[in-house]
Amino acid sequence: MKIRVTLLVLSILILGCRDEFILESDIYDQIMVVDGMISNEPGPYTIYLSQTAPVNSDANIPLEDYIVTLYDNTGKYEILSETESGKYVTFTGGIQGIIGNKYSISIINPDGVEYLSDFQELKQPVELESVYHEIDTTVSINYPYKIPGYQFYIDTKSSSTQDNYFLWDITETFEYDSDYRFEYYENRLGMTFYNVPSLLKLKTCWKTQKVNSIFTGNTSNLSIPQITHQPLHFVSTETKKLSKRYSILLTQYMIGEKEYKYWQEMEEILSEKNFLVATQPYNVTGNIQNVNNPNEKVYGYFTVATVSKTRIFVDRPSLDFYFGTCNVLVNVLEIVDFQKFNDAPFYFVEIDGGIGLGSLNCIDCTSEGGILVKPYFW
Amino acid sequence: MKSIIKHHFFFIFIILTNSLYSQEKDIYIKTQNSNWNNFSENIEAENNVRFFYKQNSIPNVEIIVKKDSVLLQRVLKESFSSTGIKVSYDGKGNYFLFKNFSFSSDIENLFVKNQTNQIMHGEIKDIDTDGEYLKTYQDFISESVVIGTNGNGNGKKIVKLSGYVTNASDGDIIPQARLMINELNTNTMSNMSGYYEILITPGTYTLIAYSLGMYNRNYKITVLSDGKLNIPLKTKSFLLEEAVVSANRNHNVRSTSMGFEKITAKSIKELPVVLGEPDIIKVALLLPGVQTIGEISSGFNVRGSPADQTMFYINDLPIYNSSHLFGLYTTFSSDAINAFEFYKSNIPIEYGGHLSSIFNIEAKKGNKENFSARAGIGPFSSRLLIEGPMQRDSSSSFLISYRSTYSDWILNKIDNVDIKNSSATFYDALMNFSFQLNEKNKLDLFLYGSNDKSDLTFGIRNTYTNTGGSIKWTHIFNKKLVSEFDIVKSQYYYNAESYEIIYLGYKNSFELNHNEAKLKFRYFLNDKQTINFGINAKLYNLNYGDLLPLNESSSIKPIEFESEKAFTSSLFISDTWDITNRLSFEGGIRATYYSFLGPKTVFTYQENTPKEIDNITDTVSYGKNDFINDNIDFDFRISGKYELNPTFSVKASYNSLHQYIFMLSNTVSVSPTNKWKLSDPHLDPMKGEQYSLGFYKNLWRDKIETSVELYYKLVENQVEYKDGADFITNQFPETAIIQGDLKSYGIEIMIKKNFSKLNGWINYSYSKAEVTALNPLTGEMNNQGNSYAANYDRPHAVNLTLNYKVSKRVSLSTNVVYSTGRPVTYPTSIYYQKGIQIIGVSGRNEYRLPDYFRTDLSINFEGSLKKHKFAHSSLSIGLYNLTARKNVYSIVFQNEEGKISGYKISILGTIIPSINYNLKFGNYEN
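Going down the list, the sequences are from chains A and B. According to my numbering, the residues represented by the first sequence are 776 to 1153, in order. According to my numbering, the residues represented by the second sequence are 19 to 944, in order.
Just so you know, these hints were derived from the structure itself, not from any lab. Check the hints yourself; a few may be wrong.
Heads up, simulated DSBU-like pairs for lysine-lysine below, C-alpha to C-alpha not over 30 Å straight-line [unchecked claim]:
| hint | chain 1 | residue 1 | chain 2 | residue 2 |
| --- | --- | --- | --- | --- |
| 1 | B | LYS525 | B | LYS460 |
| 2 | A | LYS982 | B | LYS575 |
| 3 | B | LYS852 | A | LYS1084 |
| 4 | A | LYS1036 | B | LYS786 |
| 5 | A | LYS932 | B | LYS852 |
| 6 | A | LYS851 | B | LYS852 |
| 7 | B | LYS740 | A | LYS1036 |
| 8 | B | LYS460 | A | LYS1072 |
| 9 | A | LYS982 | B | LYS852 |
| 10 | A | LYS877 | B | LYS852 |
| 11 | A | LYS1033 | B | LYS178 |
| 12 | A | LYS1033 | B | LYS740 |
| 13 | B | LYS917 | A | LYS1036 |
| 14 | B | LYS852 | A | LYS862 |
| 15 | B | LYS575 | A | LYS932 |
| 16 | B | LYS922 | A | LYS1036 |
| 17 | A | LYS1072 | B | LYS786 |
Please read all numbers here as calculations on a predicted model, not as lab measurements.
Let's have the full structure, built from the sequences with the hints guiding it.
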């Protein structure tokens, strides 16, 4: 989010501009993708095999009928079973991730071509010290002024080893209300209904989603192997996220140096400030190689990571909020007009102490993607 | 139209006066004391003479004649000497009184067709004598000179005419002035000491002397025997000027140079300006074969070469960072630049060490006669220049120029806290002192500095600086041998402070020191051959400052970087030989010794394995000034020219060069925070070769110059960077480098029109630059070993530049620029990792950005054109990117809402108006 500030400053300074364009490409490279992990958490562990999709699609093209085998350095191995197409899973009582052991996978495609990963060690965890937030501001693309919000940070404890590589992955959950409180609705025959339980319960939702960035950090270049005040994501008051209660589940992966570099490069390639320096993008190779043809491109990682998790909750800050709300008619003439030309039912909501005509979306929080079930940890 | 009519008047008037007053006689004046009006009336009445001058242009001076029988001419000269009015006499009773301009004439020869229109005398008398008008007619007015004596040398078949070409105003010698004898159609150049020799049979000839920025001078010479003719040329008083390209009219066809341009900036007012700042060096971007990555990239890519293969010298001082504000401006204030020479094909033998091209910028010299100052005010920056003599005898001068931005002030006006806190400032300054010690010795002292500071809330604060000085001693041994001795010290420094993430805050600085001594000679063997030779020595000192924590809150572990040092020395010699009038040849050789010096720790990598830290087998420590490794390399220059006829020539050349210092850059665009690196035991010097062939044709009495040049270039050991190379924390840069091959070739077509109300050029170039980075022994490669387009590869480019003089005080100029978009690496697939969408990309530089197109326009208004007034002002209004096309500078990709989005970034993607006000105090010539 900070990066946006940069762009705005520069655009004003050198009168540049930034226009979105549709990613299109006449070439579509079909490449095998590995996405899987073994950790110190109890299994089962999952490996996803898929093929790259064209740039303008969301398609996930699974690779079926592969033989995926998980090895450890003690000689144990396990063949994973394909529970869904492209999803290969270990058995519940099968191989477990043990700190200090090394793990590798082998993948054999239906044509008999074998791919292997290096053996990687499951490292000693570095404990999380705390995840916390501070009030900060960002310049929004939509408004020419600053929008306040919460910037999240992470601190770890000091590690016993110098070189530690971290990946932080964040899942956020927040409680929010529909834009307006339901008052009554009017049906086709002009009858009004108050206190309708099925509509009243649409007021409060919980939404859980992934934060679309992976954050990286390492201690190899630090004088004390401890992460302090590492910025994570920024949550602005342009959304409802902080409006009632907000929580994040932070997953810390301790990974190897090579994988860390993989993610760091990805971060750089997908960074907006890259426009100025223009780092040459390239395909960051993962840790899977064709045994017979090392030049074959294979994307993705078989991650061997020590995982720790932490959850924090944040209450509504005393800040002004800037999120938009649905449209409500308050002028009587407009309401009459609207009812003349539209079909019932008509939903009336409470607005600024009075009554206005809204839509179902105004009273239904699920229209914003949340669910009505309070999560177990809430 | 108005001016054309006036011209006719002038012709007619001369013809008429010739017929009216054809009797030749000298007029003697008696003692008297009267004012000019009475005096002239009386003299005209009493004698059969006429005075011609512009009404009101002659002050009513007092004419005092103290004794009898004084020649009228002398009386006039003395009376007007203090007013700047020059008196000319045609020997036939006609006296011409012009401001700052005189001629001695042999007018009748010029106007063969004798027309006899009857024009009233009074009308003719009121002729216009402003500079612009007269400039046009200089060519036609010749002086008669008799050379030698009748008695001595008669009977000799060949006699020698020799002399010096000098600047009439300051007596400076003019090298490379061209002397043409019309009747024989021969050309002679003055040498570097301004001296010329012409071998000729006795007779009568028309001799025309030309030099860039000077009025031509015509002589009707009658050569009787060996003799001397010193030719003083007058500087053009550029009341209305344009940047002039090329040394002189026949240069295109006649010289042996290829891929050479000389851009002179008597004034750069008519160049389109960016953000209110005219930039002469950027004119180079309108020449064929010169490209940049984009608006905000430093450096130029010349004929398919990376920016570090082009070097900028200002008064012999190498400048390692030539950009302000990420490349928006160059670090040279155009006000202080006299001219620059640009070599992209035949690089003169005295230059070595940069493979692609040389910009040799010549700073202005101070005026030796008068003090003068000029100021320029633009929206983002202002400039001030002061010049003048240092001693009374006009033997020395100084010039000081300073330019500074106030962009900070503008940023502060913007009502946004983040923007207020950001800053970007720069300044540059130069001082040029010139001392004419005596006739044979000249000393020049030059000092230069530029500085940039930026903090654009990127979380990085940068400072970068060039500083340096040069001393040049020119000594003329005799008319055949001239020497030049230079001592140069240049430093490039930058400091970066990263504060974006507090615990990772660091600071790091870099310093490049270039110390050089050069002694070169020019020996004029005879009028056919010139030999250049010399020796130079350079000492490079590169200090990679340690990476240190920025402050107490930072927990960054300091990283130590060793400094680097190298000594290099070259011996060079070249010969320019005009074998016949039509065939010329130039050959040169340069031997360079390069030595990489300690102290240094050098790693040994296991043979035939990639240079990676894991493959280090041994470590050798060298002490201070120990020789670590050395090279001896030979560079060659061969070129030839053949003139099929006086307007058409063919030229061919071969060049080879070696480069020992290069830029460490892992980015597409060149940033001032890139460090430089010396060739070392792991990194061989880059070797470049260029073959070129050119055809040159002048049309329409040399008013139109055309050329077609083809080139083919090969660079061995081209330094390329591995994917994801990091040079900030990497202590072993060799691990991030692959040495590959760079191949480039192309064709450049240029059509240029000089000397008229409408002038300019259009050029087209086709060029390709391909890189192959593959080391088969170690298996290190980029792009899977396949060759790829260089970052700056733009195959098609068209540039059009036009200047149009609407009137004497208003001129218009425009640029139209087109080029293929630069290559980019583009997403060709998507995939997921840990639920995050990720892009897979094409081969390196397999795609291209949209084409680049831009039109600029500028209008220049001059203040009144009076030559002598307290101050002269001009106003230029510029419109950059008239079509407001959003030229894509780069594309970026971002993960938003779980999906990758692409954004096109345009810089200066709108019409940018600017206004610039220039003021000059003490309105002397130049």
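Tested hints:
no.: 1; hint: LYS525(B) x LYS460(B); in the structure: violated, 45 Å
no.: 2; hint: LYS982(A) x LYS575(B); in the structure: violated, 41 Å
no.: 3; hint: LYS852(B) x LYS1084(A); in the structure: holds, 15 Å
no.: 4; hint: LYS1036(A) x LYS786(B); in the structure: violated, 34 Å
no.: 5; hint: LYS932(A) x LYS852(B); in the structure: holds, 25 Å
no.: 6; hint: LYS851(A) x LYS852(B); in the structure: holds, 26 Å
no.: 7; hint: LYS740(B) x LYS1036(A); in the structure: holds, 14 Å
no.: 8; hint: LYS460(B) x LYS1072(A); in the structure: violated, 66 Å
no.: 9; hint: LYS982(A) x LYS852(B); in the structure: holds, 20 Å
no.: 10; hint: LYS877(A) x LYS852(B); in the structure: holds, 21 Å
no.: 11; hint: LYS1033(A) x LYS178(B); in the structure: violated, 79 Å
no.: 12; hint: LYS1033(A) x LYS740(B); in the structure: holds, 16 Å
no.: 13; hint: LYS917(B) x LYS1036(A); in the structure: holds, 22 Å
no.: 14; hint: LYS852(B) x LYS862(A); in the structure: holds, 13 Å
no.: 15; hint: LYS575(B) x LYS932(A); in the structure: holds, 17 Å
no.: 16; hint: LYS922(B) x LYS1036(A); in the structure: holds, 27 Å
no.: 17; hint: LYS1072(A) x LYS786(B); in the structure: holds, 28 Å
The structure fails to meet hints 1, 2, 4, 8 and 11 from the earlier list, while all remaining hints are met.
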